[in-house]
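Undergrad: Position chain B relative to chain A; hints supplied.
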Amino acid sequence: MSVTDLTNAIVGGINSGLEQFLEGTLAAILPAIWLALLGLHLGRPYILDMIERFTLRLGADLLWLIYVGIRDFLIISGVVLSFMFLFPDVVSADQLPITGGLAAACLFAVLLVKLMGDPDHNLREFRIVTGLIALGALFYFVPYIFGVQFNSAAAGGPFESLSNWLVTSSNTQWAVGLAYVTTALFAIMGAIATAYTLITGGRAEVPEATSTQ
Amino acid sequence: MKPDDVTTAISNALLQGGQQWMVATIVAFLPVLWTMSLMFHLGRPYVLRTLCRCGLRLGADIWWMSYLIIRDALLLITFALSFIFFNPNLVVNMAFPITGPVAALCLLLALAVKLSRRVDDDVNAYRLATVFLVLGASLYYIPLVFSVEAASQDYLSWFVTNFTSNTNPIVALWIMWLSLAGVAIVSAWLFVRLLVNANRTMRVAKPGAPSTREPAAVTQ
Chain A
1 MSVTDLTNAI
11 VGGINSGLEQ
21 FLEGTLAAIL
31 PAIWLALLGL
41 HLGRPYILDM
51 IERFTLRLGA
61 DLLWLIYVGI
71 RDFLIISGVV
81 LSFMFLFPDV
91 VSADQLPITG
101 GLAAACLFAV
111 LLVKLMGDPD
121 HNLREFRIVT
131 GLIALGALFY
141 FVPYIFGVQF
151 NSAAAGGPFE
161 SLSNWLVTSS
171 NTQWAVGLAY
181 VTTALFAIMG
191 AIATAYTLIT
201 GGRAEVPEAT
211 STQ
Chain B
214 MKPDDVTTAI
224 SNALLQGGQQ
234 WMVATIVAFL
244 PVLWTMSLMF
254 HLGRPYVLRT
264 LCRCGLRLGA
274 DIWWMSYLII
284 RDALLLITFA
294 LSFIFFNPNL
304 VVNMAFPITG
314 PVAALCLLLA
324 LAVKLSRRVD
334 DDVNAYRLAT
344 VFLVLGASLY
354 YIPLVFSVEA
364 ASQDYLSWFV
374 TNFTSNTNPI
384 VALWIMWLSL
394 AGVAIVSAWL
404 FVRLLVNANR
414 TMRVAKPGAP
424 STREPAAVTQ
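Which chain is which? The protein sequence lines are A and B, in order.
Straight run, no breaks: the first sequence in our numbering ends on number 213.
Straight run, no breaks: the second sequence in our numbering ends on number 433.
Wrong hints could be hidden among the right ones.
[Claimed, not checked] Partner residues aside, some chain A positions facing chain B, computed with beta carbon under 10 angstroms: (1) Asp-5; (2) Lys-114; (3) Phe-186; (4) Tyr-196.
Think of the hints as simulated: they come from the structure by calculation, not from any bench.
Just so it is clear, CB atoms sit at the ideal spot from N, CA and C, and this is done for glycine as well.
Bound conformation, chain A alone:
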């Protein structure tokens, strides 16, 4: 083995190892982001209760803005970090939840509803957002727990084939197909968001609230 061969071998090892580490870290952070955004969305009544108890308007405003900011930033982070579900090579090589891309599409739809409506003041839109988050959580956590995290434990048991089916790397045909479906959904919703923003010119059109908090 020459010095060049050894150098190339180490370079290859560093690159592939660190790439897998990066993707693995993103995959590991996603459940935490999902749990945190679920907690913040479901914790809305608690925040509103607390706001009512404030004697100073400034404190109430700041609490609400911080809550809205963190909650929506987590939703954006969830969509952004789920971008790996769009890449055929990544879903074929890594162990990811098979419907993770559809979960990301649900989060994208939540952002679209927030852009075009006012779910914090409109009951119908709030229900749509809650439904989409619940659906997205199911799409993410069911294959994550029963597939990715159950894979080794299910080996040789009655649920082995089901567990393998729920993991992208052991069900590449479905995984790549769903990656394309997710890409198409992202493209359609992105086009709708762009068209809406171009039509409104980025201005806020505050709809009349049909139902208050």
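TA: Quick look at chain B alone, frame taken from chain A:
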């Protein structure tokens, strides 16, 4: 192989491997930055709607200021990191989206619109910036998803071959040089505009005379 050879190999590997990993990390994070830039730009109506609900001016100002800083910083950082698409050696040797340099040029054009017009007050300027951003993002995402990250898909082989920079280096280099020329022209225009603007506003103020822009407390 002697111990010195092994030391040399490990040093070279750490250097080259670290460099390649740095570039690969930037490439991996660019979709994240592009998506966040787009979301923050397109999400303006939602931010304004939330702002309208603020009861106090202070809360509204903090909210709007935070939004502006994050949105514009994201655009700037995305353009800065997109500069790897203008390194010929990297374009030829690494798998980049072939239209990455054009995407970076579109991003610079969006920034130029922001610098030259009041995007947050002028609806048409906002629309123009939006068009540049969406065009740039599309030019970045399409070859990334269907070419760079789909090398294992046989039925996409034509797309993979033609839209990845290191498998189509001649076209990639032409696109890169043309985009670099565009970047140079836009940058030069921004410099000229800055100088003209500075000449106009700073020549008026004579030494010792109070500037109209200074706070009242300073002039008194």
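Undergrad: Run every hint past the structure and note whether it holds.
TA: Against the structure, the hints:
1. Asp-5: Result: holds, 9 angstroms to nearest chain B Cβ.
2. Lys-114: 5 angstroms, holds
3. Phe-186: 9 angstroms, holds
4. Tyr-196: 8 angstroms, holds
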